[in-house]
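Protein chains in written order, with our numbering: chain A, 1 to 276; chain B, 1 to 121; chain C, 1 to 207.
Hints are computed from structural coordinates only; laboratory data are not their basis.
Do not rely on the hints blindly, as some may be mistaken.
To be verified - For each label pair, taking beta carbons as the anchor points, the in silico distance ranges come out as:
| # | chain 1 | residue 1 | chain 2 | residue 2 | range |
| --- | --- | --- | --- | --- | --- |
| 1 | C | 29 | A | 28 | 50 to 56 Å |
| 2 | C | 155 | A | 32 | 43 to 49 Å |
| 3 | A | 62 | B | 117 | 50 to 56 Å |
| 4 | A | 174 | B | 65 | 47 to 53 Å |
| 5 | A | 225 | C | 95 | 44 to 50 Å |
| 6 | A | 28 | B | 75 | 32 to 38 Å |
| 7 | C | 123 | A | 270 | 45 to 51 Å |
As the list claims (entries may be wrong) - Selected chain B positions facing chain C (in silico; Cβ < 7 Å):
| # | residue |
| --- | --- |
| 8 | 12 |
| 9 | 53 |
| 10 | 56 |
| 11 | 61 |
| 12 | 62 |
| 13 | 83 |
| 14 | 88 |
| 15 | 105 |
Unchecked claim - With a cut-off of at most 27 Å between alpha-carbon atoms, the simulated BS3-like pairs for lysine-lysine come out as follows:
| # | chain 1 | residue 1 | chain 2 | residue 2 |
| --- | --- | --- | --- | --- |
| 16 | B | 90 | C | 93 |
| 17 | A | 36 | A | 12 |
| 18 | A | 20 | A | 33 |
| 19 | A | 85 | A | 176 |
| 20 | B | 11 | A | 264 |
| 21 | A | 266 | B | 74 |
| 22 | C | 93 | B | 11 |
Cβ atoms here follow ideal geometry from the backbone N, Cα and C, with glycine treated the same way.
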Amino acid sequence: MATLLSTENFSKLGEFIYRKSGIYLEEEKHFDKLKKYIDKRALELGMDNFRKYFFKLRFDDKDGEEFQELMNAITVNETYFFREKDQFEVLVNRILPELHQILPASKPLRILSSPCSTGEEPYSMILHIVEEGKVVEERDIEVVGIDIDSTVIKKAQAGKYTERSVHAIPKKILSKWFNKKALGYELSEDLQGTVDFQVANVFDKSQMRKLGKFDVIFSRNMLIYFDDASRKEVAMTFYDMLNPGGYVLLGHAEYMSRIVSVFKAKKIDNTLIYQK
Amino acid sequence: MATVMVVDDSKTVRNYHGTILKSMGMDIVEAENGMEALEKSLDNEIDLYLVDVNMPIMDGYSFIQDLRKQKKQKNIPIIMVTTQAKEEDKINAYIVGSNLFETKPIRPEQLQAYIDILVKS
Amino acid sequence: MALIKKHIKQDVEEFPQFSTLEDAINFFNSNSEDDEKDYAVEEIAKFSGGGDFLISYIDNEDADKRISTKVASVISNMDPDDAPIEKIMDLLKLNNAYVRNLGISILRDFGDSIKYYIVKFLIGDDRDLRIFAINVLGDVDFSESRDMLVELLETEEDINVAMTAVDYMGEIGEEEDITLLESLKERFAGDFYAEFAVDGAIRLIKG
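Here chain A stands alone, though its shape is the one from the complex (with noise of 0.2 Å):
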């Protein structure tokens, strides 16, 4: 059966989900993947076209459940360590740098990450800052985790990690840092508790605000599931926790474009970043 996902389909389709999510799509990427997930829905849907499935997702999806699970399919819901990794190095080669020029001599640099899920991000953050080391050597870095869910929290706290989570750490990194177990790998004394994890919700303002102020926030792949009111809500929220001169990290696929305009937009070693 020949598939139902056009080039001018996949456009149609791409147009609302960034609509809705700030995903941008892109053929090279996405278009396979899409393709057989359509395919695969529409058969079970009992449909023989395009838009039959697109009129569903975008007029009969009243508690959002058909979205989520094309949301599903096109993210990559696993964590893991150094995952967009380009990131990471943005982070210690040019942001803290700059602002440790910055910034008054006593005061920490402070770094969040929301959400953080069972750790792999801002475990990733402190092996790149202590792998660079010429930084933290200076000024004190404070890493805070939080996560909605108290169940990942714990996790993260025990700092235990899988084979599958630590793929991406080069060998000389990961046997410096982890100390390899009978079922997977658990980060080195050395390392342990330097991230402050807390169980919050971005929503309650009062919790945000007992968390102080930030000059690098990391929020990948949180506000693509959260309707259009709910994103400016937390981008607004996010700006006030900033201190000025502060950074946003996005995902790869998102975009601030489609949520507010008060964010300064940067481009730095091909990351797009933005400034308070």
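Following the hints, complete the assembly by docking chains B and C onto the known chain A.
Coordinates of chains B and C only, in the frame set by chain A:
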């Protein structure tokens, strides 16, 4: 090859202006609102901006104001387009730094004339 | 200097609780930090009459754009029944494009709870508001959306309004709408834009 950025929240208008411009040999970059236009202007050498007034997130005037603050964007030609053409809108367009003000959609011949004058090929 | 290993309790200023709208407004007016102003905006919205104050703040040439964005976000999260809808609609008539667009974004976020107003715009004289109303129809789940667009297209004289509707017809239109769409090419004869948009929509309907 010159590049034109078409900034408009209507896909049809972007396609329409884009099609005409491509037939004139221009490369096109599209943006749905002023903020996206700012993001994309970081990546691309733009020779002419075609900017809608009414867009969500960041409107055309705010975009032009921000764009003109950047050193390398001070002199890039900008044509503002709108569905309504009130005198006050025109004046505001020039105040923020637009070069021209037109009602949309722009006729192909008119667009060709602007390209000939504004874009060094 | 090092990686901090313990949880350091942040020295955070506790914001006051307000017992009246006036107290909240005073705090808003007398504090200038972003987070103080934003907190005040959130609190003001909780009081009856707060929405009115917030709208009048953004309905002002000199209003700070960032704070206005915050205000729009807070109002979007209000219960549509409590929100000053009529006042928000007045924003749409302003000359200031930024504020006008904020008003539109608020209404858009309210979605189908403002259906009555969407119809009012669709049959009204302001072409930008007709375009806005069509965009909402396209985004939101109204069962009558297609019928409303068809009805609009039967008599619409403004090319920009008509083509905005045509764009959505490409997505939600049916085979039986093709005749109407073809007729638009006659109504706007000689206009390449109309030809372009209508042909595109018909192509999509035919699948």
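Pairwise hint evaluation, residue 11 of chain B against residue 93 of chain C, where the allowed Cα distance is 27 Å at most: Given pair residue 93 of chain C, residue 11 of chain B holds - Cα atoms ~24 Å apart, limit 27 Å.
Range hint 43 to 49 Å (beta carbons of residue 155 of chain C and residue 32 of chain A) holds or violated: Holds, since residue 155 of chain C and residue 32 of chain A (Cβ atoms, about 45 Å apart) stay within the stated range.
Restraint check, 7 Å cut-off on beta carbons, for residue 61 of chain B near chain C: 5 Å, holds
Straight-line alpha-carbon gap residue 90 of chain B to residue 93 of chain C, limit 27 Å: Judged against 27 Å, a Cα distance of about 17 Å means the pair holds.
Interface hint status, residue 105 of chain B versus chain C (Cβ within 7 Å): Cβ of residue 105 of chain B sits 4 Å from chain C, so the hint holds.
Whether the CB-CB distance between residue 28 of chain A and residue 75 of chain B falls inside 32 to 38 Å: 35 Å, holds
Evaluation of the interface hint that places residue 83 of chain B against chain C, nearest CB under 7 Å: At 5 Å from the nearest chain C Cβ, residue 83 of chain B passes the 7 Å test, so the hint holds.
Interface hint outcome for residue 56 of chain B [beta carbon to chain C under 7 Å]: 5 Å, holds
Given pair status - residue 264 of chain A, residue 11 of chain B, alpha carbons within 27 Å: The hint holds at about 25 Å.
Interface hint compliance - residue 12 of chain B to chain C, C-beta minimum distance less than 7 Å: This hint holds: residue 12 of chain B lies near chain C, its Cβ roughly 5 Å from the closest one there, short of 7 Å.
Residue 62 of chain A paired with residue 117 of chain B, Cβ distance criterion 50 to 56 Å: About 53 Å separates the Cβ atoms of residue 62 of chain A and residue 117 of chain B, which means 50 to 56 Å holds.
Interface hint outcome for residue 53 of chain B [beta carbon to chain C under 7 Å]: 6 Å, holds
Consistency with the previously given hints fails for number 5 only.
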